[in-house]
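Peer 1: One-letter residues, chain by chain:
Protein chains: 4
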Amino acid sequence: MPTILGQNQYGKAENRVVRIVRDGATHHIKDLNVSVSLSGDLDEVHYSGSNANVLPTDTTKNTVFAFAKEHGIDSAEQFGIHLARHFVTSQEAIRRARIRIEEYAWERIDGSAADGSRRTAADAKHSFVRKGQETRLSQVSYDGERWQVISGLKDLTVLNSTDSEFWGYVKDGYTTLKEAYDRILATDVSARWRFNWTDDGQPAPFWEESYEQVRARMLHAFAATYSLSLQQTLYQMGSSVIDGRSEIDEIRFSLPNNHHFLVDLEPFGLKNDNEVYFAADRPYGLIEATVLRDGAQPQIPVDLTNL
Amino acid sequence: MPTILGQNQYGKAENRVVRIVRDGATHHIKDLNVSVSLSGDLDEVHYSGSNANVLPTDTTKNTVFAFAKEHGIDSAEQFGIHLARHFVTSQEAIRRARIRIEEYAWERIDGSAADGSRRTAADAKHSFVRKGQETRLSQVSYDGERWQVISGLKDLTVLNSTDSEFWGYVKDGYTTLKEAYDRILATDVSARWRFNWTDDGQPAPFWEESYEQVRARMLHAFAATYSLSLQQTLYQMGSSVIDGRSEIDEIRFSLPNNHHFLVDLEPFGLKNDNEVYFAADRPYGLIEATVLRDGAQPQIPVDLTNL
Amino acid sequence: MPTILGQNQYGKAENRVVRIVRDGATHHIKDLNVSVSLSGDLDEVHYSGSNANVLPTDTTKNTVFAFAKEHGIDSAEQFGIHLARHFVTSQEAIRRARIRIEEYAWERIDGSAADGSRRTAADAKHSFVRKGQETRLSQVSYDGERWQVISGLKDLTVLNSTDSEFWGYVKDGYTTLKEAYDRILATDVSARWRFNWTDDGQPAPFWEESYEQVRARMLHAFAATYSLSLQQTLYQMGSSVIDGRSEIDEIRFSLPNNHHFLVDLEPFGLKNDNEVYFAADRPYGLIEATVLRDGAQPQIPVDLTNL
Amino acid sequence: MPTILGQNQYGKAENRVVRIVRDGATHHIKDLNVSVSLSGDLDEVHYSGSNANVLPTDTTKNTVFAFAKEHGIDSAEQFGIHLARHFVTSQEAIRRARIRIEEYAWERIDGSAADGSRRTAADAKHSFVRKGQETRLSQVSYDGERWQVISGLKDLTVLNSTDSEFWGYVKDGYTTLKEAYDRILATDVSARWRFNWTDDGQPAPFWEESYEQVRARMLHAFAATYSLSLQQTLYQMGSSVIDGRSEIDEIRFSLPNNHHFLVDLEPFGLKNDNEVYFAADRPYGLIEATVLRDGAQPQIPVDLTNL
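So the sequence lines, in the order shown, correspond to chains W, A, X and R. Using our numbering, the letters of the first sequence correspond one by one to residues 1451 to 1757. Using our numbering, the letters of the second sequence correspond one by one to residues 1451 to 1757. Using our numbering, the letters of the third sequence correspond one by one to residues 1451 to 1757. Using our numbering, the letters of the fourth sequence correspond one by one to residues 1451 to 1757.
The set of hints was computed from the structure by calculation and includes no laboratory data. Check before you lean on any hint, since a few could be wrong.
Since the list gives no way to pick one copy over another, a pair counts as held whenever it fits inside one copy or between any two copies.
[Claimed, not checked] Keeping only pairs whose Cα atoms sit at most 30 Å apart, straight-line, the calculated BS3-like set for lysine-lysine is: (1) 1581 x 1480; (2) 1519 x 1581; (3) 1628 x 1519; (4) 1480 x 1519.
As the structure is a prediction and not an experimental result, all values here were calculated from the model.
So that you can see chain W by itself, here it is in the shape it has in the complex:
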C-alpha cells in the first residue's frame, strides 16, 4: 500500500448545551459550545469503512447533554474532564480524547424598575442578558494517564488612547512608515494558557477563579504598560499571568494590531491633535508569542491562538 494513515480524530463538534440550575427562585445558567474529538484504534474505518470501533458522533453528542445532567457544569474545564475521562475509560478503542469548549457569559438583568416604581426584583432571578464580550475557551486532553488543560479567551477588544509609541525600527528600501510618538494601541486579545496540573493525584486548580484572575491581569497589564511596541505589551501581559498565577506555566497570544490611523485634516484647514482616527480593517499587524515559566517546556501549538 503506497499510502498510509497518519494522525486522525473524529467526534461531534459544536454541541450547544445550556444548563439551568434552579436554586429556589434564583436560577443559574451555563451556556457552552462543546466539541468532542476522539482518536485511537481507528485505522480500519479509514481503510475499509468498518465502523466496528466507531462510537458514533451522535453518541458523543448525546453524552454531552446527558453529562450536563449527570455531572452538572461547575466549570467548562471540569465538564471537559468528565467527558474526556468517560470516552477514554469506557471505550477500549479510544486512546485519547480532546474536548474543546467555548463559553458565553451572561449577567443578570437589573430588576429595578426603569420607571422608579416599587417592584420586587423577582424577575432578576431568572432573567439574563448575554454579556457579549470575550468568548471563554478551554481545551481538555486526556490519554488515560495525563491531563493537559489549556484555557483561554478570544475577542476581548482593548484600546489605549495614548502611552504608545513606535520608532527606532529597521528601515529598508520598502519602508515608508513615519515614526509615531503618541498613537492609539488597540487589539483583540486571543490568548491560551496551559495549567501545570496533569495528574488526578494533584489538587485541581480553581478553574473559575483562575479565569477571572488571568483575565484581570491581562487587562491590567495592557492598561498599565507604557508601550514601545505591541510585542512589549504582549510580553508584559504574559509575564503578569505567569508571575501571578502559579497554576499556569505557559501562555500564548495572537494580538492583531488594530490600526487607528490619524486622519489628515490639513486639506480642510483643520489640525488633528490626536483626536480623529480612522479605524482600519485590513491589513493589520499580527503579533504572536509564547511566554513561559523559566524551565517549562512549550506545549501550546503555535497556531492554537488563531483557531
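Using the hints provided, position chains A, X and R relative to the given structure of chain W.
Peer 2: Only chains A, X and R this time, still in chain W's reference frame:
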C-alpha cells in the same frame, strides 16, 4: 425611453471614525460606523454618466472625519444631524440626506491592580475595553425642512429561564408541537424607535439619556413579563417605551425566538427537570411588530429592524 | 390604552429544506432556505397573549417540509406560491402571507476520471459541488386576491479592469479626490426585480428561465458598459432587464463600489501602470437605485436590496 | 527573570493585492490575500520594546505590493517564495519567514449578448465574475536553507445524494442513532497538502497545474466512493492525491459531516422516500485525518486544516 429612473441615493458607507477627547489625563472615546446616503437632482448621472451634480462619495467620507473635529461627537444622533444638515444646505443638487450610524460602546478598564499592590489608577484614564453587547443604531433623515430621527439597537441577547408558556394555539393537519407550560424564552433584540422631534424650532431630546432609558425599559419589561407568547412580551416591551418616554411615538421590533429545546434524556435513564437544553440555530421563530402612541402615524419601514 | 399595535407578522424563518428527485440513477437537487411570515387577525396575541388565532411557527416549518413532498420544488417562486396560498386560504385569521426564499445552486461533479482511466460517469449522476456564486432570492406575497413576486440575487461579485472613469464631479472644501481616467470598477450585485404577474388568471412566468436571462443581462450590461459612473452602469444593467424581459416591470439595485486603489510604488522606484491594486474593505461607496418600466408604479421597498 | 519568551513571530496580515496583467486588450487577474509572518532575533522587542531589529509590519505590507510589480504573480506559491526569500536573505535578524496566501478565483463574463444580437466579445476581455467556490490556500516557509510549501483549499462544498451508508458501529448506553443504509453525505472540504520540493536545486512543481489536478482528484474520489463512513471517503480522497501526484507526500483533511436529516412526514400522512431533508447547522460531525506517502514524515500541523 421605455425605462425610467426611480428612487435613487448614493454616498460612502461604513466610515469608521474614532474620536478621542482628552480632558486632561482622562480620555473619552466615541467609536462610530457612519454611512452617508444622499439623493436629489441626480438623474443625469444615471442616464448619461455626467457627474456634474455628484459630490464624490470620497468627499462625503472626508466630511465625516472633518466634522468629528469641527463639531465633535456628543451623540451619534447629534453628529448625524450636523452631517445631514450640511449636505442638504451646502449642495444645491442634494435634496435629502440620510445618515446611518452604528455605535460601539467601550468601558474603562478597571485600574486597580490585579495583584492587590498599590497602583495609581492613571492607566484607567485612557484604557478601554469594548463592551461588546448590543450595537447602538441611529438614522437621521433631513429634507431641508423636517427631521426624522430613528434610534435603535441590535444584538442584545436576553433569556428568561422560566415564566414562559405556549399553549392554546391553532392546530391543523401539519401541527405536531406539544404545548409548553414552562419553557425558556430567549431572543436577540433588534429594535428601532422614532422620536417625535421633527423641527429645529423644537427642543431636541437628550439623546444619550433617552437611549439608556429606552434600553433599560426594554430589558425590564422583558424580565418582568410572565409570557404566554413572544408577541405578548414584545408588546409589553414596546408599551413600556411609549408609555414612559414622551419623546418617542413609535417603536418596531424584530425578535427571533431563539429556541432552547429540552433534551430528551429518558433513553439514558435520566429525568430532565427543565435543566438541560439544546440551543438551536435554525430555523427560528421570527416575531415582528410595531407599537405606536395612539394617534401617531407609523413611519418606521417594516423591514428596518432586519437591516 | 395609550399605545396601539401597528403592522405585525410572524412565522418560522430559515427553514433549510433540501429536495432530491431521483430520475432513475440521475438525481436532481433543490436547496432552499425558506422563511414564512404571516399576518392577519393577531391583535389579541400581542395584547393578552391569547394564542387562539396563532398557527404555531413550528407548524409553518412542518408545512414547508411537507409541501416539498406534496408539491415538489419546481422553482423557488412556484414553491413560495404554494405555501402562501395555503396559509391564506386555510387559516381564517391569516390575511396575508409572505414567503422569502434563498436558493443555493449546485452543479454536477465532473464524472470523468482525473487519472484519465476509463470510468463510467455513474458517479456524476448523484454527486454535486455547490456552485457558491450568487445566492438566488425570491419573495412571494399573497393577500388572498393578488400576488406580488419579487425575485433577485445577492453576492454576485463582478469586476471590470478597465473602461471605467470618474471625473467632472462637484468639488467642495472637503474634496481631495483626484479624477480617474482608467480605474477598476468592481461591485457585489444585489438586485431585486418585480414581476407584473399578479393574478391567478394570468399565465405565470417561466421562473427558472427568467432568472437565467435576467442574470445574463445584468452581467452582460456590466461588462459592455464603458462607465463614467457606477450609477450609469447600474442604469444600463436595469434598462437591459426591463427592455428585454417583458414579465418584469421594476428592478432595484444596491451596488457597493468595491474600491481598488492603485498602489503608489514610486517610493520604491517603481511605476505602477494600472497593474497593482489594493482591494479595500471599508468604507465603500454605495449606489442604490430603482429602474422602472415607463408607467409602472414602484413597489420594491427602498431597503429591500440591503436585506 | 522568572518568565522567558518562547516562539514568536510578527508581520502584516491580510494584504489584499489585486494584480492585473494587460496582454493587449485581454486582461488577466490575480486576487490574493497575503499574510506575512517573520521570526528571528527578536527577543529584545519583547523584553524592552527596542525595535532595533524590527522591520515594521508596514514595510512587509509595502513589500507585498512592490513585489506584485517587480516579480508579477505567476502563482500564489511562487509569489510566496519570492517574498519569503527576500525577508530571510535581506534582513540579518530575520531567520524564518512564513507567507500565507488565500486566492480568490475569477472567471470571464460571457461576452455574447443576452439578447442574441451581434456583439463583439471585446467586453469579455477585461470583465470578470468571481467564481465564488472554494478559496485556494498556500503557505510557504523558508529558513534560509530549506523550503516547505503547503497548498490547500477550504469551503469546497460537496454532496452525494446516495451511495452512503452508516451502520455496524459501537453502541453504548448513550447511543440512540439508527443505522442508515441510504443517506446523504455532504461536507465542506478543507484540505492542505505538502509538496516534497524543499530545495532550490530541485525543479519546482508546476503549481497551477498541480492545484487543478489535486482538486479534480479530490472531487472525483468523493463522487466515486461508495461510502460506509466519511472516514473511508476521506481516505480515498487522500489516497487518490498521493497516488496520482508524485510531487505531494502528505495531505490532511478536516471534513465536517454536514448532516441532512430525513424529515419524518408520517404525521402528515406522507411517505418520505429519501426525498425531503432538513439541512442542519450545528452540531456536526468532524472527521480529520492525515494521509501520507509510505515512508514520509508528517509535517502538517494537526489543526492547520481548521485555520
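Peer 1: Are the hints correct? Go through all of them and say.
Peer 2: For each hint, the structure was consulted:
no. : hint        : result
1   : 1581 x 1480 : both (12 Å within a copy, 20 Å between copies)
2   : 1519 x 1581 : within (24 Å within a copy, 32 Å between copies)
3   : 1628 x 1519 : between (59 Å within a copy, 23 Å between copies)
4   : 1480 x 1519 : within (12 Å within a copy, 39 Å between copies)
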